[in-house]
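2 protein chains.
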Amino acid sequence: MDSVFVKDISVPTLLLDETKCKSNITRIFSKVKAMGIDFRPHFKTHQSKYIGKWFWDLGIRRITVSSLKMAKYFLQSGWNDILIAFPINIRELDEYLLYANQINLKITISDIEALGFLSKVLTFPIEIYLEVDVWSVRSGFDIDNLTEIDRALKVISKSKFIKLVGIIAHNSNVYSCRSPEEVCESNKKFLSKLFDLKNYLIMKGYNIQLSVGDTPSASICDDFTGIDELRPGNFVFYDVMQVAIGSCSVDDIAVCLAVPIVAIYPHRNEIVCHGGAIHLSKDFIKIEEMDIFGLVVDIQENTWTSPIEETFVKSLYQEHLVIKTTPEFIAQHRVGDLIGILPIHSCLTAEAMKKYLIPNLAWVDHL
Amino acid sequence: MDSVFVKDISVPTLLLDETKCKSNITRIFSKVKAMGIDFRPHFKTHQSKYIGKWFWDLGIRRITVSSLKMAKYFLQSGWNDILIAFPINIRELDEYLLYANQINLKITISDIEALGFLSKVLTFPIEIYLEVDVWSVRSGFDIDNLTEIDRALKVISKSKFIKLVGIIAHNSNVYSCRSPEEVCESNKKFLSKLFDLKNYLIMKGYNIQLSVGDTPSASICDDFTGIDELRPGNFVFYDVMQVAIGSCSVDDIAVCLAVPIVAIYPHRNEIVCHGGAIHLSKDFIKIEEMDIFGLVVDIQENTWTSPIEETFVKSLYQEHLVIKTTPEFIAQHRVGDLIGILPIHSCLTAEAMKKYLIPNLAWVDHL
Numbered sequence: 520m521d522s523v524f525v526k527d528i529s530v531p532t533l534l535l536d537e538t539k540c541k542s543n544i545t546r547i548f549s550k551v552k553a554m555g556i557d558f559r560p561h562f563k564t565h566q567s568k569y570i571g572k573w574f575w576d577l578g579i580r581r582i583t584v585s586s587l588k589m590a591k592y593f594l595q596s597g598w599n600d601i602l603i604a605f606p607i608n609i610r611e612l613d614e615y616l617l618y619a620n621q622i623n624l625k626i627t628i629s630d631i632e633a634l635g636f637l638s639k640v641l642t643f644p645i646e647i648y649l650e651v652d653v654w655s656v657r658s659g660f661d662i663d664n665l666t667e668i669d670r671a672l673k674v675i676s677k678s679k680f681i682k683l684v685g686i687i688a689h690n691s692n693v694y695s696c697r698s699p700e701e702v703c704e705s706n707k708k709f710l711s712k713l714f715d716l717k718n719y720l721i722m723k724g725y726n727i728q729l730s731v732g733d734t735p736s737a738s739i740c741d742d743f744t745g746i747d748e749l750r751p752g753n754f755v756f757y758d759v760m761q762v763a764i765g766s767c768s769v770d771d772i773a774v775c776l777a778v779p780i781v782a783i784y785p786h787r788n789e790i791v792c793h794g795g796a797i798h799l800s801k802d803f804i805k806i807e808e809m810d811i812f813g814l815v816v817d818i819q820e821n822t823w824t825s826p827i828e829e830t831f832v833k834s835l836y837q838e839h840l841v842i843k844t845t846p847e848f849i850a851q852h853r854v855g856d857l858i859g860i861l862p863i864h865s866c867l868t869a870e871a872m873k874k875y876l877i878p879n880l881a882w883v884d885h886l
Numbered sequence: 520m521d522s523v524f525v526k527d528i529s530v531p532t533l534l535l536d537e538t539k540c541k542s543n544i545t546r547i548f549s550k551v552k553a554m555g556i557d558f559r560p561h562f563k564t565h566q567s568k569y570i571g572k573w574f575w576d577l578g579i580r581r582i583t584v585s586s587l588k589m590a591k592y593f594l595q596s597g598w599n600d601i602l603i604a605f606p607i608n609i610r611e612l613d614e615y616l617l618y619a620n621q622i623n624l625k626i627t628i629s630d631i632e633a634l635g636f637l638s639k640v641l642t643f644p645i646e647i648y649l650e651v652d653v654w655s656v657r658s659g660f661d662i663d664n665l666t667e668i669d670r671a672l673k674v675i676s677k678s679k680f681i682k683l684v685g686i687i688a689h690n691s692n693v694y695s696c697r698s699p700e701e702v703c704e705s706n707k708k709f710l711s712k713l714f715d716l717k718n719y720l721i722m723k724g725y726n727i728q729l730s731v732g733d734t735p736s737a738s739i740c741d742d743f744t745g746i747d748e749l750r751p752g753n754f755v756f757y758d759v760m761q762v763a764i765g766s767c768s769v770d771d772i773a774v775c776l777a778v779p780i781v782a783i784y785p786h787r788n789e790i791v792c793h794g795g796a797i798h799l800s801k802d803f804i805k806i807e808e809m810d811i812f813g814l815v816v817d818i819q820e821n822t823w824t825s826p827i828e829e830t831f832v833k834s835l836y837q838e839h840l841v842i843k844t845t846p847e848f849i850a851q852h853r854v855g856d857l858i859g860i861l862p863i864h865s866c867l868t869a870e871a872m873k874k875y876l877i878p879n880l881a882w883v884d885h886l
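If you read the sequences in order, they're chains X and A.
Per this note's numbering, the very first residue in the first sequence carries number 520; after that it's consecutive.
Per this note's numbering, the very first residue in the second sequence carries number 520; after that it's consecutive.
Keep in mind that the hints are not guaranteed to be accurate.
[Unchecked claim] 27 Å max Cα-Cα, derived DSSO-like pairs, lysine-lysine:
1) X:K591 <-> A:K874
2) A:K712 <-> X:K843
3) X:K873 <-> A:K874
4) A:K712 <-> A:K723
5) A:K874 <-> X:K874
6) X:K591 <-> A:K873
7) X:K526 <-> A:K639
8) X:K833 <-> A:K708
9) X:K843 <-> A:K805
10) A:K873 <-> X:K568
11) X:K591 <-> A:K526
[To be verified] Pulled a few chain X residues facing chain A out of the computed Cβ check, cut under 10 Å:
12) S529
13) M589
14) P606
Keep in mind the hints are simulated off the structure, nothing from the lab.
The beta-carbon is built from N, C-alpha and C at its ideal position, and this holds for glycine as well.
Just chain X, same shape as in the assembly:
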């Protein structure tokens, strides 16, 4: 591959800081290992074979993905223990079964009807995780409805081929936390509810794994006793949302959208760049009633600075972004300069950009 120099970039480009990214991976992996918990990182954030290899090289062999398409992509690059942590889509059943025949594919069951359907068509054993919904109100069997969970267990027990290996849950509620204390409080309640369920299942004769995964709790909390598997994903890059939650420092963020300045308006203290909703995605955080669509950094040789003070992306159009800043920052920049935007939600920015540039080194693939 030819080297690509940051100075040669002319359009919005997602930069990846290899050092920060590897350090994020190592930090979380070491922590999980030290706790004696299995690590099954979620690859939906980076969706990259190249970055996947950094995990592989550390000895990590189990991964999580969020779609069949993503499972196929990683399967093709050699991963062979993959959990699809998304409710099985029975319209794609043939393809699920195809891959289940090739590798150790684990499927998520979140609905009683889908489970019944699967039980009717299987002709060989398959490992499933039952998804439970612990007050996230997204997908999964309601953890407060044991009758429904019992119905699922009944279908499983009658099936010759369905093998229940685990309970999977995701605590969406940590995303509304705004301090480490809130995250750990939320995580504690979440885990305690899961332990009750595990005990209930043990009484019924099921020896199952408990698998949970969110970046805030994996980054912040220390007590996962009783949990068998952790599967966070976003930590590989982190983002401004994770900084707001307290999961990381702003200098841990490993991706940054390089954008060219196309107009400067000193009378408004505003700068317009090429780079919009189609590059960053439209996630935002609210700070003091203001919507913030990204933080702003200066780009350096192989990395970028900490965020510039009193400077942020205040609005986002299809291809424009408008930065509110200070006279000092304006005085230091000219039309045609490249600056960097730290994304609010790096998973969606990576998905929108579809490739990464490791500055002065190489382009890196994305599904």
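Given chain X's structure and the hints, the job is docking chain A onto it.
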């Protein structure tokens, strides 16, 4: 091309209703023609050569795009009068000049420094539009700052090669309107401000075109006297946001995201589908303090129904969407069914999906 049947879809797929789309194009084109105004539709919404041809077949020859990349794409399929309605990015200047040598390429100037830079490097004539900002606080010369506009005119008058052909402006403020009356009131003030500028420029000896373009005013308002060129874009598909503004009826929306149901939770009156922020984008509208990420329809042979009552996308994750609905709708659907989501912002949904399916006919390209 092989026909693709809706019944064979298994993953999120953006359906395009050719009849609705062509009718949207014809309606706006006829209206603009009847007003005696030039039509230069913005192709940033559809970004499709295939759909572009529907415009070409009506005799339309001038188009607007929002990036150099998009200009290149349409230039390669035969369009040769293209306005890039985005502030010139001087890092891509060589490529602008390359295309300007091949076709009638019009460039947008929104910043005094970029203009100065252009004036220094040109070696052949180029047509520019000066972008003015009429209280949108996005890009363009502040219309209330004639001193700055005069500075730009001075640079232009000194240049041998820069030919000022028009003033371009976009009224972002119509997007916060919530009735046709509000849109026309906003449009009237916007146009009146532009007429003052045009008169000022005429006094200074500049014979320029006034070019404006937004889908709400182009769809709703009847008086554009004094305007030379209209360049709306979104009308080709419309979306739920445009319905909220009053630009169209919900049955005019020409794209719909087909999504498979993966879980049904009757106790919550909620349905989960495969289809998330990476498919729809995260734009939303607020109705009675609720964030709504899409309306829900049933899919029919070649099209879809009107939106289902009391049913909407209430939350959107990377790959999941959660629909709030009624017991009646739940009773009529099963896991594995396909349903349709009308997007809040069709430009971003089309950009995220990157291709369209005309049901039972063909896949259609997107840049």
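These are the hints, each one checked on the structure:
1. X:K591 <-> A:K874: holds, 21 Å
2. A:K712 <-> X:K843: The given pair, whose Cα atoms are some 26 Å apart, holds under the 27 Å limit.
3. X:K873 <-> A:K874: holds, 15 Å
4. A:K712 <-> A:K723: Since the Cα atoms of K712 of chain A and K723 of chain A sit roughly 17 Å apart, the hinted pair holds (cutoff 27 Å).
5. A:K874 <-> X:K874: holds, 19 Å
6. X:K591 <-> A:K873: holds, 20 Å
7. X:K526 <-> A:K639: holds, 22 Å
8. X:K833 <-> A:K708: holds, 25 Å
9. X:K843 <-> A:K805: holds, 25 Å
10. A:K873 <-> X:K568: Measuring from Cα to Cα gives roughly 22 Å; hence the hint holds.
11. X:K591 <-> A:K526: Roughly 23 Å separates the two Cα atoms, so the pair holds.
12. S529: holds, 4 Å
13. M589: Hint on M589 of chain X: holds, closest Cβ of chain A at ~9 Å, below 10 Å.
14. P606: holds, 4 Å
Checked against the numbered hints listed earlier, the structure breaks none of them; every hint is satisfied.
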